[in-house]
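Number of protein chains: 4
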Amino acid sequence: MPDRLAGKRVVVTDAAEFMGPDIVSLFREEGAEVIADTSDLCAPGRCVSLIANAGHVDVLMVNLASGNNNFSVLDTGDETLDAMFARMVRPLHQLTRAVLPQMIERRRGKIIVVGSASGMRGQPKRGVYSAARMAQHGYVRSVGVEVAPHGVNVLATGQTFVENPSYFPADYQVTEEFRQRLRGLPAGRLSTGREAAMFLLALAGPETDWLFGQVFAYAGGWVV
Amino acid sequence: MPDRLAGKRVVVTDAAEFMGPDIVSLFREEGAEVIADTSDLCAPGRCVSLIANAGHVDVLMVNLASGNNNFSVLDTGDETLDAMFARMVRPLHQLTRAVLPQMIERRRGKIIVVGSASGMRGQPKRGVYSAARMAQHGYVRSVGVEVAPHGVNVLATGQTFVENPSYFPADYQVTEEFRQRLRGLPAGRLSTGREAAMFLLALAGPETDWLFGQVFAYAGGWVV
Amino acid sequence: MPDRLAGKRVVVTDAAEFMGPDIVSLFREEGAEVIADTSDLCAPGRCVSLIANAGHVDVLMVNLASGNNNFSVLDTGDETLDAMFARMVRPLHQLTRAVLPQMIERRRGKIIVVGSASGMRGQPKRGVYSAARMAQHGYVRSVGVEVAPHGVNVLATGQTFVENPSYFPADYQVTEEFRQRLRGLPAGRLSTGREAAMFLLALAGPETDWLFGQVFAYAGGWVV
Amino acid sequence: MPDRLAGKRVVVTDAAEFMGPDIVSLFREEGAEVIADTSDLCAPGRCVSLIANAGHVDVLMVNLASGNNNFSVLDTGDETLDAMFARMVRPLHQLTRAVLPQMIERRRGKIIVVGSASGMRGQPKRGVYSAARMAQHGYVRSVGVEVAPHGVNVLATGQTFVENPSYFPADYQVTEEFRQRLRGLPAGRLSTGREAAMFLLALAGPETDWLFGQVFAYAGGWVV
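Chains as they are written, first to last, in this note's numbering: chain X, 1 to 224; chain W, 225 to 448; chain G, 449 to 672; chain U, 673 to 896.
Be careful, since some hints might not be right.
With beta-carbon atoms standing in for the labels, derived distance ranges [said to hold, decoys possible]:
{"hint": "1", "chain 1": "X", "residue 1": "Asp78", "chain 2": "G", "residue 2": "His598", "range": "45 to 53 angstroms"}
{"hint": "2", "chain 1": "W", "residue 1": "Arg331", "chain 2": "U", "residue 2": "Ala842", "range": "22 to 30 angstroms"}
{"hint": "3", "chain 1": "X", "residue 1": "Gly45", "chain 2": "W", "residue 2": "Pro389", "range": "32 to 40 angstroms"}
{"hint": "4", "chain 1": "W", "residue 1": "Pro389", "chain 2": "U", "residue 2": "Pro841", "range": "49 to 57 angstroms"}
{"hint": "5", "chain 1": "W", "residue 1": "Pro373", "chain 2": "G", "residue 2": "Ser487", "range": "48 to 56 angstroms"}
{"hint": "6", "chain 1": "X", "residue 1": "Ser166", "chain 2": "W", "residue 2": "Ser273", "range": "32 to 40 angstroms"}
Residues from chain X that keep clear of chain U, each with C-beta distances beyond 10 angstroms, as calculated [said to hold, decoys possible]:
{"hint": "7", "residue": "Pro21"}
{"hint": "8", "residue": "Val48"}
{"hint": "9", "residue": "Ser72"}
{"hint": "10", "residue": "Gly77"}
{"hint": "11", "residue": "Ala83"}
{"hint": "12", "residue": "Ala98"}
{"hint": "13", "residue": "Arg107"}
{"hint": "14", "residue": "Arg179"}
{"hint": "15", "residue": "Thr192"}
{"hint": "16", "residue": "Pro206"}
Just so you have them, the derived chain U footprint on chain W, three or more residues with Cβ under 8 angstroms [claimed, not checked]:
{"hint": "17", "stretch": "358-370"}
{"hint": "18", "stretch": "417-428"}
Just so you know, these hints were derived from the structure itself, not from any lab. Heads up, the beta-carbon is just placed ideally off N, CA and C, and yes, glycines get one too.
Working from the sequences, and respecting the hints, build out all of it.
So, in structure tokens, the structure goes:
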């Protein structure tokens, strides 16, 4: 019986979106007690109350989804930029501040940000999305170094080309644009959500006890 | 007589702060017509009117300064994060949208973001600052790729350890913390503002006509 | 009972050196059938015969150790450079060529190179060592992309500050130079060999089925 | 009259190959006294005698070309790997050792390696070539840090998609494979040799006085 997360309490945010469902199911199979949150993290005070209600948290999976983001920079207004930050950056900071004290006190804990490779390499029509996603990485690198002396691991992935209904819906997968993009991808196919969750499982486990503030590409060879 | 920017019209934002003064003086020596703006770019509509009033812009130097940023993530509230983004990310987007159409029409132009290495590697007490600075890099990479087919170069630096009154004031330079940080820096000393401006001069010139969406560390060996 | 590598045949080279002992013991605990090779891979034909004798290989752990490498570039002769390459680069190529055909035929298999972070960031007195180690990374990235269409994963780590008798002997760990180096390391301590082997275990498992030609820093925050 | 290298003595190796011709002509236009060497640097003692004969060297342009390299890893024998290293890595080490003492004594000087982006990202059929090119980068990073305290700048580029008869001959530029590769390149076209030499000019000048052990991609957006 798999038990890589036996005895661990894990909070997963946006549990019904982005990588949420795959994380929740795999981590439960591996023995974790998972708090699968689907509340609106933009609501005032919600990040703080989520952590307060969760109690003991061994692993916080910061899985934050945004809506459609496929616009030219010329057609992207301030409100889209602001929404991206409100949805993906501010909750990261609020969740981190909320959960760090207990982890620092125990000298143990992991914050894993499910991030994006957008912005590690450039893509057209992803300007503000890349900005928000790279903000997450910058935050993780510096906070990761800051809390390293306390034994807490703050890490992130940079994923792309992972099958999920938000970014790669079925009707997009039959387009010529999609086929052309796949041609430039060493993997030659999308990752399943399950495969991506397997990678996240490794980051959430003892494999990363000695790693701090690091960003891991998960991109089928698109970023290496 | 130096003339590497002869005949070029250059806009420099926050001209009295951060790298502004060194850019303005060097670029003028090199023959550029420099519009040295010191207005508050957070004011509604100001980015748009700055570019509209400037008229023809060959090079836009996006030099955006924030105030003191040296706080533990635990002591940094949402308002600091919001202020960083309002000061360094939103104006970048507004300025870019304002100036791109004329550059695209002429199939020529450069947007150079004076960025930071904070977040390329982590540093303690720089969480939200690193987030904002890395947001700039992510934006540059993706917008840079998007407008490449139009012959416009969007590029950024990631600088640190450059002498300037905001981040390395004289009284900080005598502290043991500063000396310890220098010890880990291959260069062994701060860059002068003039040296950093020389590097920016190369990015603003024909040296980068074929480069798109790229981020250049300028960090004395701290990031390579 | 742990069984993450149950049913897998794994070859570990230089099994008595560098990361060899820790890999062998952990991978056996996890159910792998491990061929722990300690032969001299510089001997003509040895890499080919090792793989031929091994038969079916699911995972090849390319763990290649060099001797002492701590010399100024000015005091390092060609013979040291040549020895580094003979010891760490040529065997990588020979082993890869020997094992790829069976993996390509089965459309499955992993080649994991236990590499170094030397050369990802610079260090004094590591010129030729960094050259040889980065050669491994360059090889992995390109071969990894080349064989990706065949479903074979070629990956590498870039480790440093991992406890092992070759690079961090006990008498070095008490020196001021060592203490000074640790001060610049976010982790603040060496990784145990066991911790590093845990990370390699994740790379050798299904966690990386969709990753190709990627290099993973394992460096306690020194490289991120 | 351009004079960015006035009064500088520059050695350019392999002056008739790779980036040699473009560097020599541009650097001479900019006022440098250029020693354009075309001798066989693999000949015993040749690197040492080149530098000895050159006398005072302000800038050493390590431009090393290899022959055709476009083979599958499975069809690449040890002799090709060895030849790549003999041609691109060993001369780098010999030239560096030969020229460093005078630069260290003057506390001033630049060694600029004209490198490749092969291996920064992977490409099929470039395994051993990527290994040799990345060995150059690893060497530059560590030697660059080692000699930084002496005021000497050791730097490298990682170029690709630059027009030159060795790697992009006219008959290759009409193939579908080439067109497909260009489609994945943000720049959408090859760099001219002149443009690439302009970038190298900036690295060879005062723009990089404060940079040590750094590698600069020059890749039209392929690596950023």
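Okay, the hints, checked on the actual structure:
no.: 1; hint: Asp78(X) - His598(G): 45 to 53 angstroms; result: 47 angstroms, holds
no.: 2; hint: Arg331(W) - Ala842(U): 22 to 30 angstroms; result: 26 angstroms, holds
no.: 3; hint: Gly45(X) - Pro389(W): 32 to 40 angstroms; result: 38 angstroms, holds
no.: 4; hint: Pro389(W) - Pro841(U): 49 to 57 angstroms; result: 54 angstroms, holds
no.: 5; hint: Pro373(W) - Ser487(G): 48 to 56 angstroms; result: 55 angstroms, holds
no.: 6; hint: Ser166(X) - Ser273(W): 32 to 40 angstroms; result: 37 angstroms, holds
no.: 7; hint: Pro21; result: 32 angstroms, holds
no.: 8; hint: Val48; result: 38 angstroms, holds
no.: 9; hint: Ser72; result: 15 angstroms, holds
no.: 10; hint: Gly77; result: 25 angstroms, holds
no.: 11; hint: Ala83; result: 26 angstroms, holds
no.: 12; hint: Ala98; result: 35 angstroms, holds
no.: 13; hint: Arg107; result: 33 angstroms, holds
no.: 14; hint: Arg179; result: 12 angstroms, holds
no.: 15; hint: Thr192; result: 23 angstroms, holds
no.: 16; hint: Pro206; result: 30 angstroms, holds
no.: 17; hint: 358-370; result: holds (count 3)
no.: 18; hint: 417-428; result: holds (count 6)
Comparing the model with each earlier hint shows no violations; every hint is respected.
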